[in-house]
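K.L.:
So the chains spell out like this:
4 protein chains.
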Amino acid sequence: MNRKSSINEKCGVFGIYGHPEASTITYHGLFALQHRGQESSGIVSTDGKKSYKHLGMGLVADIFSNAETLEQLKGHIAIGHNRYSTTGASKIANIQPLVFNLLDYQIAISHNGNLVNTTSLRKKLMKEGTIFQTTTDTELLVHLIARSKEDSIEDKIRDALSFVKGAYSIVIMTGDKLIAFRDSYGFRPLCVGKLGDNYIFASESCALDLVEAEYLRDVEPGEIIVIDEDGLHSHKGESTPKYCIFEYVYFSRPDSRVFGEFVDKTRRKLGNNLADEADIEDADIVISVPDSSNTAALGYSSQSGKKFEIGLIRNHYVGRTFINPRQSQRDFSVKIKFNPVGGVLKDKKVIVVEDSIVRGTTLKKLTRLLKKAGCKEVHVRVSSPPIKHPCFYGMDFPTSDELIANNMSVEEIKEYLDVDSLHYLSLKGMLDATGMDHSNFCTACFSGDYPIKVDKMTNKQSFES
Amino acid sequence: MNRKSSINEKCGVFGIYGHPEASTITYHGLFALQHRGQESSGIVSTDGKKSYKHLGMGLVADIFSNAETLEQLKGHIAIGHNRYSTTGASKIANIQPLVFNLLDYQIAISHNGNLVNTTSLRKKLMKEGTIFQTTTDTELLVHLIARSKEDSIEDKIRDALSFVKGAYSIVIMTGDKLIAFRDSYGFRPLCVGKLGDNYIFASESCALDLVEAEYLRDVEPGEIIVIDEDGLHSHKGESTPKYCIFEYVYFSRPDSRVFGEFVDKTRRKLGNNLADEADIEDADIVISVPDSSNTAALGYSSQSGKKFEIGLIRNHYVGRTFINPRQSQRDFSVKIKFNPVGGVLKDKKVIVVEDSIVRGTTLKKLTRLLKKAGCKEVHVRVSSPPIKHPCFYGMDFPTSDELIANNMSVEEIKEYLDVDSLHYLSLKGMLDATGMDHSNFCTACFSGDYPIKVDKMTNKQSFES
Amino acid sequence: MNRKSSINEKCGVFGIYGHPEASTITYHGLFALQHRGQESSGIVSTDGKKSYKHLGMGLVADIFSNAETLEQLKGHIAIGHNRYSTTGASKIANIQPLVFNLLDYQIAISHNGNLVNTTSLRKKLMKEGTIFQTTTDTELLVHLIARSKEDSIEDKIRDALSFVKGAYSIVIMTGDKLIAFRDSYGFRPLCVGKLGDNYIFASESCALDLVEAEYLRDVEPGEIIVIDEDGLHSHKGESTPKYCIFEYVYFSRPDSRVFGEFVDKTRRKLGNNLADEADIEDADIVISVPDSSNTAALGYSSQSGKKFEIGLIRNHYVGRTFINPRQSQRDFSVKIKFNPVGGVLKDKKVIVVEDSIVRGTTLKKLTRLLKKAGCKEVHVRVSSPPIKHPCFYGMDFPTSDELIANNMSVEEIKEYLDVDSLHYLSLKGMLDATGMDHSNFCTACFSGDYPIKVDKMTNKQSFES
Amino acid sequence: MNRKSSINEKCGVFGIYGHPEASTITYHGLFALQHRGQESSGIVSTDGKKSYKHLGMGLVADIFSNAETLEQLKGHIAIGHNRYSTTGASKIANIQPLVFNLLDYQIAISHNGNLVNTTSLRKKLMKEGTIFQTTTDTELLVHLIARSKEDSIEDKIRDALSFVKGAYSIVIMTGDKLIAFRDSYGFRPLCVGKLGDNYIFASESCALDLVEAEYLRDVEPGEIIVIDEDGLHSHKGESTPKYCIFEYVYFSRPDSRVFGEFVDKTRRKLGNNLADEADIEDADIVISVPDSSNTAALGYSSQSGKKFEIGLIRNHYVGRTFINPRQSQRDFSVKIKFNPVGGVLKDKKVIVVEDSIVRGTTLKKLTRLLKKAGCKEVHVRVSSPPIKHPCFYGMDFPTSDELIANNMSVEEIKEYLDVDSLHYLSLKGMLDATGMDHSNFCTACFSGDYPIKVDKMTNKQSFES
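Going line by line, the protein sequences match chains A, B, C and D. Residues in the first sequence are numbered consecutively from 1, following this note's numbering. Residues in the second sequence are numbered consecutively from 1, following this note's numbering. Residues in the third sequence are numbered consecutively from 1, following this note's numbering. Residues in the fourth sequence are numbered consecutively from 1, following this note's numbering.
All the pointers check out, no bait thrown in.
Pairs count within a copy or across copies, as identical chains cannot be separated in the list.
Distance condition first, Cα-Cα at most 27 Å in a straight line; then the derived DSS-like pairs of lysine-lysine: (1) K127 - K49; (2) K453 - K428; (3) K371 - K194; (4) K53 - K123; (5) K194 - K372; (6) K414 - K349; (7) K124 - K177; (8) K156 - K127; (9) K265 - K307; (10) K149 - K127; (11) K50 - K124; (12) K372 - K265; (13) K156 - K123; (14) K349 - K307; (15) K127 - K177; (16) K365 - K349; (17) K50 - K123; (18) K194 - K346.
FYI, nobody ran anything at the bench for these hints, they're computed from the structure.
Just need the whole structure built from these sequences, with the hints factored in.
P.N.:
Printed below as a string of structure tokens:
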């Protein structure tokens, strides 16, 4: 499950209430959610008296690589967070969960998503003397909670949420409560599960599976759930579902259930529908761009009846920085990641299934590599429509200028890639694969239909000092 | 290409003569050979006047993660080495290439294989006042070279080799020569290629591919090749090929050519032959234990006509140390590595192709995981015979006591794994897949037929202080 | 100038306005003030647009040990801070200078001293929704500044100061101003100097000397000085001088001028007065406990006419942690710090001058060492009165229980030390040495006369989470 | 006891036999000998079965800063070494003690001094196939020992020593013996002491003092002492004492006894004799360049009757690297090390005692600093003669070209320093201070009389690769 470098999810969140090994469970949960954020991770736990924190840059398994670290994260409540930054850049101070001292307790918060009206709100609070510690939109929400005159933490949260707009699937921990809530559109996933008597919140159900917890249901759009010693308390609010369709296309793990459905199942149907829309009669084999397109490729293969082969082997030893030759070999960056298997590809007409195209630069190198390995024909099939618009709700795309489909027609892209044919799955074909009402999904990045208006200045750098 | 933890190749070697970026090319070569040794790596280069060295514990991409390191490895000749220790344990001083000061020049050496008569030879030299710096068998060879009264380095090497027995595919660098040689059995692979006018030696041809060099041929068993400013000089010796069959079964990369044949092709035939020997008529799907068994599984699928599916997703984020839960969840170590895809496995009769079984403990956990994911039946098919004997020629197996097939019959292993059926490929089935004369291969680990006798005390710890 | 481990000054502060190498000058200033805080250091600079920060645990020369670090601290205004924690413990987040984002600018602050009414004020602000980032009293002041409704920064500061009580010598930097102020008692020193056209603030004048700046005058108690592009603007307030007498006794460097007088001169008079009060007629030599008592010992020697000798050599290689023998040698911790010079001490009646006694444990070991080295008699002379009370204004003493003079009479201390005689300088003798009006000094630690009342709960740990 | 940067002793050695905490005692011994080598340190211990080693760059207290490190150095025999390189440059591989595997045992060796006929010997051995691991002269000796055909280790050592010339005070450890020996001239010191029943060897007696061992006597020039379970065995050889006079002038600690006499006593007499030779009648005070000249300055003061003052305070916070201002302040490097005390120096005629002058550059800056601090006159008095010649026996001087007295007359040096007068102690005055026969000392660096001839090519870099 190595990921593309050009699209990034903001985050994965996790929380557990009541377990004697809360931080270890959280660590495993974050490990299962690693694909949702590989830049930094953190866990905050509490035993009701003190809170304990460990954060770091890098992968979960590296940050928590020694047992002592986890043992020092004492207590029966814990929350965790994997992050790939959208707002708030890559500062250490911005690594979540963020922890703040309120009057009577500490509050720790993990946020997946992106608020969109932060600029004006932030300015207003600063005028009144509020001092911000981070450049994140998440902190803004905490100041609003701290300043609320309401009594209970639930009411303070509801009060604070009345000021903000945007995408948020959030888990909050106080000294004696674990609280989860989701914006009324439900852009990003969040589910609730149970391990024995202990409740768990997680971005995707694969995190429940790894810790052997049972999946109960999604936290609903607009719902606030509070876990305390008396159990689960649900506070429902208004909702207009606008689920992020990209979770099915690429983000979520195939073995997860999100928005109520298994990802593997939907992703296979994307492949089926793709084969229906534009198969190549005389192609010899179907291959995938591993690993993210494997499921769609198998779906394509079974629907089209064409043989699935492993034509590209992904090299998992590639680290963050890899030094290229000075007398630069062409396409080296792709060659170190993918080994084409000559025996499979040689003299074949090949259908290559890819889940999405962002800039197109990597795919261009890859198809060139395939031709060099002896493919007679290369036909690219993409299991989603052309990406033409930026996301303001938690995905980290390049700017519009860099999106290839924003600048070229499909025919032009085909020319650019220098392939024998190119087909993108239609918007309808994609939405049909979900088996749900089409209106339940946000398709802004494909269609340009944005469910919420956005502050002009909201972008990743806007609060950087 | 994540590897098993229970079987380890000793090493990968690489060398290049005459290129202005010799060390960068070597770095890329080692990267392509990463699967042959993941414990430590090193590069030594020379500009004819001085030699430059950088060694480290860990993966190639981490050890050479900054460009300056490579720039400091100046010169037009370089050799490199990836290592998993067999003799010589895990001491820093033992990381190869080893470098020694002889009277007129420095000598750097990279060794894949294992000498077998070292104990007595080492003792003899020490009695005469020789002081050893490392605990490796490789150093022994260098002392023999240093003490030889012959004139040329080729003759010194031939003189030194007359004293030693065992498996060796070696690359040596002096101030103005690059020399490669292989024992007369040719246990371990070694090939020669060309990049422009520059000669390259590499354990597997995949390293030539990555640096865009052309594959010329194997260094032959018993041959010494010297590269100097006048080009390539071959000195052939006696040979009785006994190639390591395990290179085809598991070690080598599928896109490599070793012992003159593409690994992918032979490995696919192992799967074909396995299907011929023992298919299950009413099984629904064929899955692989990723990633090393993928090719054999596809071979099985195509021969049997049963559908290939991705039933297990390998998690590549797992680091060296991973902290398990204290209240230990059963089979956790396997669960973090493999995510079973419920939608694929549920209610299916599944054929699981695995390349080999060493201890059997991991496979037992894995099959339990498959059953838990809903498989109706689990049939294990192994693309090599039962492993019953240790290797003294460069593979790092557990002791005989730990080899499950040394202690149990196939029926007992089936019971232990708690699966519906189990079949190992026959010795004949395996050798047939190579398309070569059966006598060309060493099958000692399966059959117990050892081509060379071994010193009693030779084992990994024998020289440790 | 190694320091005692039992008494610690809170801090040294430094600031400069208008110099192209502001951060390098600040680094040198902090180096000269190293004795005032050895736990952590930091520098914040600004070029008017951005601010640049580098902080670290340890010594100044180590924290800023590479030139690049300083080059990255761009700009013409800089402030620095050396810290030994009193309130705020040893958290990284508490290392000063602290930096905060106010609406229109960033503010950086360096504080020497200790506020005394923080507990109640902090609680009040938190009730109104203020979130604290550190556990320091310094942050409290910044929140008061941020919330002030006044217009100019000077007025905001004056407004904020109206709420707080305690000891503070503070330097603040905004994007275009450097501001220094001192509480109305002037407990801790702070002076202003000039380097060319550029103004400098420093805790002690030795920092001005090192950077070759000219000493102008002290910042007066109750005064706020603002430096901007138009020069120096003084805003004087009420004042009732209560200078910390311990600056003369021990803290300040002998070559500094504090409270308007050279420390060396006053400290020599402490030695003179001590000799006048209680010389030993037939003693042979006067030695010092190096290095802090050297000046007083020379003063004693010249007044008494007895020969000064170097009887103890201080070992400056002792690091923070030194591993003692398990079968513990007696007094080892002192033996590694002080080498007694046998030839000097053997068979001599020795007067040992020490500046102050806190717990007495080190001195006891030291006098035992002297006797073992052959001293016939050991007479301890202390150049300050018995310390009986804690300090709430910026010195870090042990608790009252640990102060030996709080628990024993002078006679009992003499018995405990097992020396031939012991004399403490009288309060009058100490104050006379200053040549100033006695009422100008705070002598609380000796006399118990506290100029300001203190919050019950104010102590080092009170805000720790 | 901070040291000059321009003269360096090669090493300090230490060894102990029979103590359960051998490595901890050795650590303390090395700590006491820190002034003899500040570049690297190491300890090797043995329990008779295995040997244990820890080496590092830096100061003793830092290299052994955690208790576990020492606990892992098990056993009852240990040797240690502090090093400042002369031959063998600063390679990690050259850090002593060096450890080598001989046939029946390991041998660890610590060497103070410098062999002078290494080039030819080294070449001879390499021709015969010997491979060297380091570039040190010490390893040469070990190869000679390993190749000796004698039976006992004592005889092997004597055999090996018959081939080498030069200065050596060496401690060797085998699995069951501790052996110390000194060249027949006894250039460098080495003494033997006893702690309970356990024998100790140390370069200076101050190391015995710190570990509370009793000083027995010096290891004599030409003597080999072996300690084993039967006690001490002495093997005396020929001797012609040529003690290094510089040990008294500067190197050794004042509280040590070397060559049978206390350093403090001799150094004081150097000061006495200096006052007799050239006092300044109307000077006001005598000050020292701290810390190495303190004892000589006190000797000068008492002989001349002039008052001793602390006119310069040495700053001990200065680390290895200190970043100077870019717009360079004059003499900054000296200003950060020495704080002149204005009150002491102002308007005074000052005699400055310095132990030796090497390049003269630091002293020039220092005297300028004194004048700037207000001295009316500055008279430099040096407690040794002009240094005109290099040392080949273990001191690390600059090359002859850099020695100021090799290039200028005393009058010219006075002009260069820009002082009011300058006097060097005469050779006779220096030797008289020792109270021994003048012929017992090597004075080569002053007089040019070298007791042993030297190989042409022997210098620090000669074996570097």
